[in-house]
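J.: Quick note: the sequence shown uses this note's numbering, first residue 42, plus one each step.
Everything labelled a hint here was simulated from the structure, so no lab data went into it.
All values derive from a computational prediction rather than experimental measurement.
Any given hint could turn out to be false.
[Said to hold, decoys possible] Derived DEER-like restraints, expressed as beta-carbon distance ranges: (1) Leu128 <-> Lys376: 37 to 45 Å; (2) Met299 <-> Glu191: 49 to 57 Å; (3) Ile400 <-> Arg93: 33 to 41 Å; (4) Thr90 <-> Ile324: 24 to 32 Å; (5) Leu128 <-> Glu151: 25 to 33 Å; (6) Asp114 <-> Lys183: 12 to 20 Å; (7) Thr148 <-> Lys249: 37 to 45 Å; (8) Ile324 <-> Gly180: 19 to 27 Å; (9) Leu149 <-> Asn111: 17 to 25 Å; (10) Ser139 <-> Arg105: 20 to 28 Å.
[Said to hold, decoys possible] The calculated lysine-lysine pairs, modelled on DSS-like cross-linking and capped at a C-alpha distance of 30 Å, are: (11) Lys92 <-> Lys358; (12) Lys358 <-> Lys129; (13) Lys102 <-> Lys253.
We put the CB at the ideal spot given by N, CA and C, even for glycine.
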Amino acid sequence: MSDKRSEYGRPASSCIFFIVVAYFLHCFIVLVHVSSSGVSNNDWELSLTGKRRVKDLLLQKDNRFCADCNAPDPKWASANIGVFVCLKCCGVHRSLGSHVSKVLSVTLDEWSSDEIDAMVEVGGNSSANSIYEAYIPQGCTKPGPDASHEQRTKFIQLKYESQAFLKPSLRIMSGKMNPPSSISKGIMDNFRSTSGSGEEGVAGFIGKLKVKVIKGTDLAIRDMMTSDPYVIFTLGQQTVQTTVVNSNLNPVWNEELMLSVTQQFGLLNLKVFDYDLLSADDIMGEADIDLQPLITSAMAYGDPRMFDNMQIGKWMKSHDNALIDDSTVNIVDGKVKQEILIKLQNVESGELELALEWIPLES
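Throw the hints in and build the complete structure from the sequences for me.
T.: So this is what it looks like as structure tokens:
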């Protein structure tokens with residue numbers, strides 16, 4: 042019987058043996074590192090899950106380019122600002138100090154749960170830039186991928202350290218923020234605390250939300266081959282409701298509802314029910330709507346009548362929300378609007394099409 046050998050002269054079976062031994066030795070070293078560092082298997086899994094959340098956010102379309110110069114394929118992030126940046130802009134961010142911008146590698150660095158939550162909460166480059174680049178004056182040009190170091194430094198310092206392009210009432214002193222905190226979140230908290238003034242501010246309201254319920258599609262069956270759907274919206278202690286559409290799994294409402302928004306606004310919850318005359322109404326699905334992209338963008342731009350039609354923000358589709366597609370916030374004919382297509386949760390089927398409009402108190 043011939044002796045099969047590798048290209049290095051060792052028997053093939055011997056090479057396979059060494060490969061297997063090396064693999065198990067690698068696994069042993071990893072396990073020893075985990076146990077010696079005091080990291081439980083659960084913590085290790087949470088760390089991997091956290092990195093996956095950041096990478097998922099990076100893969101979204103608007104995050105595939107540097108927030109500051111539009112260079113493709115950024116691999117760095119400012120965890121407290123909430124933006125993804127390229128290697129060249131990353132160097133400028135580091136020079137600002139971690140109290141302004143805490144820079145982490147998406148792939149190499151360990152992220153804390155607070156840093157991950159802050160990054161995901163901001164939503165990435167489009168959402169952050171709707172705040173930090175709201176008012177770029179004429180004569181000030183955003184650098185491109187081939188910009189010099191001096192051009193990058195000047196723009197990034199103005200953008201984040203001086204906060205020169207923000208609405209003045211939204212500016213905060215980043216030095217007062219603790220390093221793990223989200224500066225972008227601080228700005229959003231700042232506009233909530235400063236936007237209310239006079240009688241409205243005392244009452245705690247910052248504006249109104251108009252919800253247009255357009256239509257439902259492929260809703261769940263709760264009666265004999267059909268349903269009688271209606272929608273209930275809840276925001277804080279307020280509840281509003283559409284009319285009932287009888288015997289229709291693809292109802293068209295085109296109905297407008299109005300809600301007041303307080304400084305401490307939360308998620309807008311919606312539930313679809315099947316109306317029953319003789320028994321309790323059956324639920325046909327639900328979903329939560331994040332109002333932050335709409336309200337943050339609207340407050341950052343101020344009076345929308347001063348601007349042409351344009352996109353000013355975006356709510357990104359992700360694994361932890363009910364969006365079917367990314368939902369953009371736009372100025373349309375002097376009004377701030379957002380169209381949303383929702384997949385109903387905790388139900389076998391159903392979609393809902395909505396249109397939101399932000400109405401400031403002075404309107």
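J.: Just pull the numbers of the violated hints for me, sorted ascending.
T.: 5, 8
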